[in-house]
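So the sequences go chain by chain: A and B. Our numbering applies: residue 1 is where the first sequence begins, and numbers increase by one. Our numbering applies: residue 1001 is where the second sequence begins, and numbers increase by one.
Keep in mind that the hints were calculated from the coordinates and are not lab data. Hints are supplied without guarantee of correctness; some may be wrong.
No more than 20 Å apart at the CA atoms, straight line, and that leaves these computed lysine to aspartate or glutamate pairs for EDC-like [to be verified]:
{"#": "1", "chain 1": "A", "residue 1": "LYS193", "chain 2": "A", "residue 2": "GLU208"}
{"#": "2", "chain 1": "B", "residue 1": "LYS1251", "chain 2": "A", "residue 2": "ASP179"}
{"#": "3", "chain 1": "B", "residue 1": "LYS1053", "chain 2": "B", "residue 2": "ASP1025"}
{"#": "4", "chain 1": "A", "residue 1": "LYS252", "chain 2": "A", "residue 2": "ASP268"}
{"#": "5", "chain 1": "A", "residue 1": "LYS252", "chain 2": "B", "residue 2": "ASP1179"}
{"#": "6", "chain 1": "A", "residue 1": "LYS77", "chain 2": "A", "residue 2": "ASP90"}
{"#": "7", "chain 1": "A", "residue 1": "LYS53", "chain 2": "A", "residue 2": "ASP100"}
{"#": "8", "chain 1": "A", "residue 1": "LYS193", "chain 2": "A", "residue 2": "ASP179"}
{"#": "9", "chain 1": "A", "residue 1": "LYS192", "chain 2": "A", "residue 2": "ASP268"}
{"#": "10", "chain 1": "B", "residue 1": "LYS1252", "chain 2": "A", "residue 2": "ASP179"}
{"#": "11", "chain 1": "A", "residue 1": "LYS251", "chain 2": "B", "residue 2": "ASP1179"}
{"#": "12", "chain 1": "A", "residue 1": "LYS252", "chain 2": "A", "residue 2": "ASP270"}
Number of protein chains: 2
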Amino acid sequence: MAEQQLIGALEAGGTKMVCATGYADGMVLECEQIATTTPQETVEAVNAWFANKGIAALGIGAFGPTAVNPASPQYGKILETPKTAWRYFDLLGTIQNELDIPCGYDTDVNVACLGEVTFGCAQGLTDVAYLTIGTGVGAGVLSGGQLVHGMMHPEAGHILVTRDPRDTIGEHSGCPFHDNCLEGLIAGPGVKKRWGGKSAGEMADDPEAMDLLAGYLAQALMTFILCYAPQKIVIGGGVADHTPIVPLARKKCAEMLNGYIVTPEVNDIDTYIVNSLEGKQGIMGCLALGAQALQ
Amino acid sequence: MAEQQLIGALEAGGTKMVCATGYADGMVLECEQIATTTPQETVEAVNAWFANKGIAALGIGAFGPTAVNPASPQYGKILETPKTAWRYFDLLGTIQNELDIPCGYDTDVNVACLGEVTFGCAQGLTDVAYLTIGTGVGAGVLSGGQLVHGMMHPEAGHILVTRDPRDTIGEHSGCPFHDNCLEGLIAGPGVKKRWGGKSAGEMADDPEAMDLLAGYLAQALMTFILCYAPQKIVIGGGVADHTPIVPLARKKCAEMLNGYIVTPEVNDIDTYIVNSLEGKQGIMGCLALGAQALQ
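Take these sequences, add in the hints, and give me the full structure.
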């Protein structure tokens, strides 16, 4: 029975690898963090951690960009990342060859979305957008019951937003590619650039600062509602967890939509746009993905 | 054999109903337009047209907002449209009860997307965004081989864009809901408001006008690429067909992305963002949807 078999979970992030074992019902048994250094050193440590655990399958949520379509010749490789040592590293292959068990592989944000859909506040829904706002902004999306991949995977953290005239961040934002994208204006680096090194959490008591961030988030929420028609939007990440921007953005988003979208979901916006499972959705989503790989 | 059976196709638009018969291979046999007036009068004429054609199934692409999820209690009804006489009219039910054959039902833009995927330039792809720019802006989306519905259906014509400082349209755009949405700034009513009643086609020789429209379109294309990760974007509708904005927007979109998305598709942007099947994708998509309903 798949539910009784031990499953491995790997959240492969740019700064740390979270390794865990657990079960298909989302229960985590053991959990350990390994620093992300060079690909070889890091993956060797990851493989060693999992080697004698007796796991029957592994679910991997990887930092992007990465190839998540099993039909792609690049499947399981990290793509054009600014972390040059990791470019074109075969993350999935290097792990699967060593552990020799079925592995599921997707982006960290798609896996977090799966975690919310399987165990969290989006249980049983077919169309869900998961957004994380931390050192970067990423979106995982479930559409018609399937995680969205497309030609690569969504990179919706980089959608353009309109600059608030009050914004003092300067010409360049926190994103090296785009001066006016969501990530550049609300993720960690942009926030620190704007407020002299202070984090969003440190600015949480400043109403004007929160109003500024919430306005950018509201623009993005409107775009996600119009593009994905999700049944629920779940928001995680440090910037969202340590500030009041989610409730502020909800209100602003409803004002911007201006009555255009009339659905039971949007009409109940406080349960439509919600905060996430306190950081556990990623590792629990990896367990769900690992359990799927067993089938 | 499904392919030999005659199939009905109905593009149910806000100003006209295009009724056709044809085959699952996309061949159109007969085609006639009926003006859209009151729901009762219009649907009676539509039903009368199809009544003695001997069609085995019907595919309907309807104007929105409309309920396209078969599990919804509102399935097949028009929703909160500005055309008040049509609000909550049971379009699908009124037709299916009379004709008594299997019917497929989706939005006009999703059906046009299906037409491009089945017969047009997006054949065989699994992730495609179809955008029409005419009297309004609408988007139909295929994700992982399925047309996107979600809580209702995408309404991506209304995503916000950043105003070009050169724009003389004034405070209010052509959209009664949003002063800065794509539809309000590039669809027919906004274009006419800005340029003293002139259409986009009449402005097609004015480079600054075309540059303005293309800049808005490019912002939207960037959003669609980042949100949907489509394998191809197909653009139809009068504004796109009668102006050079698609080629202009392609260039601008590549500049805005600024090398962030590196895929074979985006690298070949001239075949990635393309004009559509000259207005036939809607009715051919209805045939494809009707053929699916037979299965």
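Checked hints:
1. A:LYS193 x A:GLU208: Distance of about 16 Å is within 20 Å: holds.
2. B:LYS1251 x A:ASP179: holds (18 Å)
3. B:LYS1053 x B:ASP1025: With Cα atoms ~18 Å apart, LYS1053 of chain B and ASP1025 of chain B stay inside 20 Å; holds.
4. A:LYS252 x A:ASP268: The given pair, whose Cα atoms are some 14 Å apart, holds under the 20 Å limit.
5. A:LYS252 x B:ASP1179: holds (15 Å)
6. A:LYS77 x A:ASP90: Holds, at roughly 4 Å.
7. A:LYS53 x A:ASP100: holds (13 Å)
8. A:LYS193 x A:ASP179: holds (13 Å)
9. A:LYS192 x A:ASP268: violated (34 Å)
10. B:LYS1252 x A:ASP179: holds (15 Å)
11. A:LYS251 x B:ASP1179: holds (18 Å)
12. A:LYS252 x A:ASP270: Holds, because 12 Å separates the two Cα atoms, which is no more than 20 Å.
Figure legend: structure checked against the earlier numbered hints; the only hint not met is number 9.
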